[in-house]
Amino acid sequence: MRTQYDAIVIGAGHNGLVAANYLARAGKKVLVLERRDIAGGQLVTESFGDGFVADSLHASGRLRPDVVRDLGLSRSAFEDTAALSYTSLLGDGAKLELYTNASGAPNVESIRRYSARDAERWAEFVAFMDRAAEFLDAAYRTPMPRLPHFKAIEEGLPLARLLWKLRRLGGKDMFRVVRAMSMSVEEFTDNWFESEAVRAAVSALAIHGVTLGAMSAGTGYTLMHNWLNRGGLAHRPAAGGVGKITDALVDAFKAGGGELRTSSPVQQILVDRQRATGVRLAGGEAISAAIVFSTADPRHTLLTLVGAAELPPEFAWQVQSIKLRGSVAKVHVETDGRHGLPAGTLVVAPTIKYLERAYDAAKYGEISAQPYLEVTTSSPADAGSIVSIHFQFAPYALRHGDWSDATATVQQRAIDTLDQFAPGFKASVKRVHTITPRDFESTYGLSEGDLNHGQLILDQMFFMRPLPGWSNHKTPIDGLYLCGSGVHGGGGISGASGRNAAGIALKQT
Amino acid sequence: MSSNQYDAIVIGAGHNGLIAASYLARAGKRVVVLERREVVGGAAMTEEIFPGYRFTEFSYVVSLLRPEIIRDLELPKHGLKILPLPSTVTPFENGDYLAGWDDHDLTRQEVYRHSPKDAEAYDEYSRVMARAAKAIKPIISMVPPDPSSLSPRDLLGLLKLGKYAKSLTEKELYRIAKLVTQSSADLLDEWFEFDPLKGTKSASGIIGTFLGPRSPGTAYVLLHHYMGEIDGAFRAWGFAKNGTGGVSAAIARSAQALGVEVRTNATVQQVVVKNGRAAGVALANGDELHAKTVMSAADPKRTFLQFVEEKYFPGEFTQAIKNFRVRGSSGKVNIALNALPDFTCLPGEGPLHRGAISISPSIDYIERAYDEAKYGAFSKNPYIDMIIPSMIDRDMAPPGHHVMSCFVQYAPYDIDGGWDDAKRDAFGETVIATIEKYAPNIRQCIVGKQVITPKDIERIAGITGGNIFHGELLLHQLFFFRPAPQWADFRTPLPGYYFGASGAHPGGGVMGAAGKLAAEAVLKDGG
Chain A
500 MRTQYDAIVI GAGHNGLVAA NYLARAGKKV LVLERRDIAG GQLVTESFGD GFVADSLHAS
560 GRLRPDVVRD LGLSRSAFED TAALSYTSLL GDGAKLELYT NASGAPNVES IRRYSARDAE
620 RWAEFVAFMD RAAEFLDAAY RTPMPRLPHF KAIEEGLPLA RLLWKLRRLG GKDMFRVVRA
680 MSMSVEEFTD NWFESEAVRA AVSALAIHGV TLGAMSAGTG YTLMHNWLNR GGLAHRPAAG
740 GVGKITDALV DAFKAGGGEL RTSSPVQQIL VDRQRATGVR LAGGEAISAA IVFSTADPRH
800 TLLTLVGAAE LPPEFAWQVQ SIKLRGSVAK VHVETDGRHG LPAGTLVVAP TIKYLERAYD
860 AAKYGEISAQ PYLEVTTSSP ADAGSIVSIH FQFAPYALRH GDWSDATATV QQRAIDTLDQ
920 FAPGFKASVK RVHTITPRDF ESTYGLSEGD LNHGQLILDQ MFFMRPLPGW SNHKTPIDGL
980 YLCGSGVHGG GGISGASGRN AAGIALKQT
Chain B
20 MSSNQYDAIV IGAGHNGLIA ASYLARAGKR VVVLERREVV GGAAMTEEIF PGYRFTEFSY
80 VVSLLRPEII RDLELPKHGL KILPLPSTVT PFENGDYLAG WDDHDLTRQE VYRHSPKDAE
140 AYDEYSRVMA RAAKAIKPII SMVPPDPSSL SPRDLLGLLK LGKYAKSLTE KELYRIAKLV
200 TQSSADLLDE WFEFDPLKGT KSASGIIGTF LGPRSPGTAY VLLHHYMGEI DGAFRAWGFA
260 KNGTGGVSAA IARSAQALGV EVRTNATVQQ VVVKNGRAAG VALANGDELH AKTVMSAADP
320 KRTFLQFVEE KYFPGEFTQA IKNFRVRGSS GKVNIALNAL PDFTCLPGEG PLHRGAISIS
380 PSIDYIERAY DEAKYGAFSK NPYIDMIIPS MIDRDMAPPG HHVMSCFVQY APYDIDGGWD
440 DAKRDAFGET VIATIEKYAP NIRQCIVGKQ VITPKDIERI AGITGGNIFH GELLLHQLFF
500 FRPAPQWADF RTPLPGYYFG ASGAHPGGGV MGAAGKLAAE AVLKDGG
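Chains as they are written, first to last, in my numbering: chain A, 500 to 1008; chain B, 20 to 546.
Among these hints, one or two may not hold up.
What the hints assert, rightly or not - Straight-line C-alpha distance at most 27 Å; calculated BS3-like pairs for lysine-lysine:
1. A/K852 x A/K822
2. B/K330 x B/K320
3. B/K100 x B/K153
4. B/K330 x B/K341
5. B/K153 x B/K190
6. B/K156 x B/K185
7. A/K822 x A/K925
8. B/K468 x B/K442
9. A/K528 x A/K852
10. B/K96 x B/K260
11. B/K136 x A/K822
12. B/K185 x A/K973
13. A/K852 x B/K341
14. B/K320 x B/K543
15. B/K442 x A/K852
16. B/K190 x A/K973
17. B/K399 x A/K852
18. B/K136 x B/K96
19. B/K190 x A/K822
20. B/K456 x B/K442
21. B/K156 x B/K182
Rather than coming from a laboratory, the hints here were simulated on the basis of the structure.
Work the whole structure out from these sequences, hints included.
Below you can see the structure in the form of structure tokens.
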């Protein structure tokens, strides 16, 4: 049957655009459908009213180097390569400054104030984390086969390469990487450092964006994951805002003959005899395509867009059981510029117990009284008058009250807490725009406000992401591919999921 | 040959040490077991704390003891008698209760009373968990290979492991992968809705760990406790005649029948090393015993940091042992009673008194109990697992009187300011006050009370950190990694020195597998 398009991609987030680019470059006729009026998904730079411009969800985003290369994007166009500081505010003016992209002397000096021994070990730690990230990177580049029986040539070889890579890390390092994954970051950092300040500052990155505490098993893995996606501890801010990355992807896509339609929410994925045949938009328009890619989270894609009726019952039950658990809020503040905050990435994470207590609240559906904050001032719009606060924990599912009142609470606790660790900040506040987990869902299409389309927990990673046996981007519906953050390779801004999915689909057709 | 010359010396007369010694003796070795205390049994022993009242001081139920060990050592012949624990009752503060019986259909009806939806799920859940436990069982009796090594032994081990993985269906494989990594709360939330049911089931996922039910990895611990077997019947927990001491006594008798010499009040000072090999041990009283094989059934810290000088181990190995987590998290309160506690939910003497009584109203209840412990305090509202051994074995207490054993979590080893008598009393009082909410007459019945903190477990049973499993059942402390990467095969970097206790694979519980596997390693090496 003649279809209008070779491929439809649902969602113009970075993964959707990456997949679309790969497909278009392979000569496919591709249509990308975006529900919002702007492309970018989580990678958007938006204005909240005259001059109040900020990176809505993420302070930075780094596409995989191979994606940048393959799609002919020029990294220099959007990546700032200045030395990046990661500063932990410890109260009473004390702070700890960490660098991971350079074993700079100032760095060691800063650590020595807390522990000479830790200062000694820092370079070795950074080297180990970079090696661990290198392994994880190899894993994310390798689509996971269906265990135990998989096609030897098609899937076995890449897997063998991965194991070889793991092997090349050497017996000792292999053990350290694999073991560290299931550890809590509290234990992992305990094996490296003695200074609470250093341990907590590192632990903060491990719980960033996930609903886990520093004492939760598996935060060793999330540390490596976030380290890989950021290329260290600090953000690499995109010159001109993360939206520039989206622009680069859209430009490349259009230049390749691709078609992008915004304000086109997909209501249904059309299925005929277990095969995806196209989509129906909210407006009623049906568009046919040979294959359909969805960057929406697996649960929304399969249970809402496809519908449980089309799926094997046990599969549907498993999809229902995917853990989505948003607990992040973003508080953007326009200041008079006299906020007194240093540039770079700042965190409020004085001790491991502080982080753990912040998480405890989320377990019971409450907002942290003393939240973990990550603060960036390097605003694209103007010279640092915009302060963006990443707030944890603010659980999507509140046990008491709802988000209409809770928004004010988050806003106030964010500003008060930051003012407590950076006195004088409050006085500089002019305008505030808060984005709650609810908004993540309603505005940005993130189910339950989960930035990762599914928690980064041990039982939802690698060949178990999104579900055991379904980490190869395929679904029980032929021609329907998952390529969002909820699949292996996903979580964070890297484009791995979109890249891998496109690769698999192109092998098939 | 001097009387102090043996083929093998085993340090510690806990169940693992005695089992290892028995297997060595069975192979014709001249074996001595050295016990610090005046009694054998380690953490599995029964003592008369108050005249006429006998308690299993530490461990209290039997289920995990491997059936092949029971057969090989003919333990029934030596007096091992397992009496079934027919039920688990979870009382609620509102006067209702949830009961789990040893009869699946009865339990199903009981669950139905609270939640028809859960009753439906219960059947499938039980099948799935039983299958998973069966599927993972071969791992228990497997010697973990070293994946980073290319030695024939390890490659064979990996091959065996691969064969095992292939023997599983795709479904089983995934289920196990999930169970090993999940939190018990996530697992149970997928199946059930009724809080007390989830709370009670999640409890077996935290026993002996320093984790809450929402911590990833606890589903494995839950499964670990699912692997219990009595007379081949899965998941039936039992109580040993004369307490778990009865188990040790039976194993000791079996060992002695096999010619094993057991020396009590024999504290090991140090392992004697001659030309880079373990050659014997030096006792605190100055005696020296000689053997070409020395096996420690003590915890990893004592085994590798205390008995042997650091210089005999690679620095990395020592570091790994130092990092090995042994944080005790549970305490015990043993109570002598002049009458049965009367539970509001089931007044009068009833079947609940013959089974386990679990204070676990919800997952949140247990999680909050954990929250307090991780910040250095004992739980104000603890999880408690009670049994009344005297109801099952009348010989445990004077006629009409009873002994009650309460396993309590959480009580952190590293409590703020350290444990002292005042804190121990406060802890005991908290436990009684908690039970009182469900059995108001408990105080009037008490004629004696023994409170055991992790510090006491360390002091009395000699387990560093007071962790009942000699080391937490954390993912990265299991199988390949237990007690340390590359040394999970019961051998140690010091030739002639072996390790066979709960701190080795497959870990905790009165299971005995470690002792057996370690003995086999010795025999394989021609020791």
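Evaluated hints:
For the proposed pair A/K852 and A/K822, the alpha carbon gap of about 25 Å is at most 27 Å, so the pair holds. With a CA separation close to 15 Å, the supplied pair B/K330 and B/K320 stays within the 27 Å bound. A C-alpha spacing of about 24 Å is found between B/K100 and B/K153, which places the hinted pair at or below 27 Å, so the restraint holds. Of the pairs offered as hints, the one joining B/K330 and B/K341 holds, with about 15 Å between alpha carbons and a cut-off of 27 Å not exceeded.
Of the pairs offered as hints, the one joining B/K153 and B/K190 holds, with about 14 Å between alpha carbons and a cut-off of 27 Å not exceeded. For the suggested pair B/K156 and B/K185, the alpha carbons sit about 15 Å apart, so the restraint of at most 27 Å is met. Of the pairs offered as hints, the one joining A/K822 and A/K925 is violated, with about 36 Å between alpha carbons and a cut-off of 27 Å exceeded. About 15 Å separates the Cα atoms of B/K468 and B/K442, which keeps this hinted pair within 27 Å; it holds.
As the CA atoms of A/K528 and A/K852 are separated by approximately 53 Å, the hinted pair breaks the 27 Å bound. For the proposed pair B/K96 and B/K260, the alpha carbon gap of about 13 Å is at most 27 Å, so the pair holds. Restraint check for B/K136 and A/K822: satisfied, since their Cα atoms lie roughly 21 Å apart, inside the 27 Å limit. Taken as a hint, the B/K185 and A/K973 pair is honoured in the structure, with Cα atoms around 23 Å apart against an allowance of 27 Å.
Note on A/K852 and B/K341: the hinted pairing holds, with a Cα-Cα distance of about 22 Å set against a maximum of 27 Å. At most 27 Å may separate the alpha-carbon atoms for a hinted pair to count; B/K320 and B/K543 meet this at roughly 26 Å. A threshold of 27 Å between alpha carbons decides the hint, and for B/K442 with A/K852 the separation of about 23 Å falls inside it, so the pair holds. A threshold of 27 Å between alpha carbons decides the hint, and for B/K190 with A/K973 the separation of about 18 Å falls inside it, so the pair holds.
For a cut-off of 27 Å, the pair hint linking B/K399 to A/K852 stands: about 19 Å separates their Cα positions. Annotation: proposed proximity of B/K136 to B/K96 is violated, straight-line Cα distance about 46 Å (limit 27 Å). About 20 Å separates the Cα atoms of B/K190 and A/K822, which keeps this hinted pair within 27 Å; it holds. The hinted pair formed by B/K456 and B/K442 meets the criterion: a straight-line CA distance of about 21 Å does not exceed 27 Å.
Restraint check for B/K156 and B/K182: satisfied, since their Cα atoms lie roughly 14 Å apart, inside the 27 Å limit.
Comparing the model with each numbered hint stated earlier shows that hints 7, 9, 18 do not hold.
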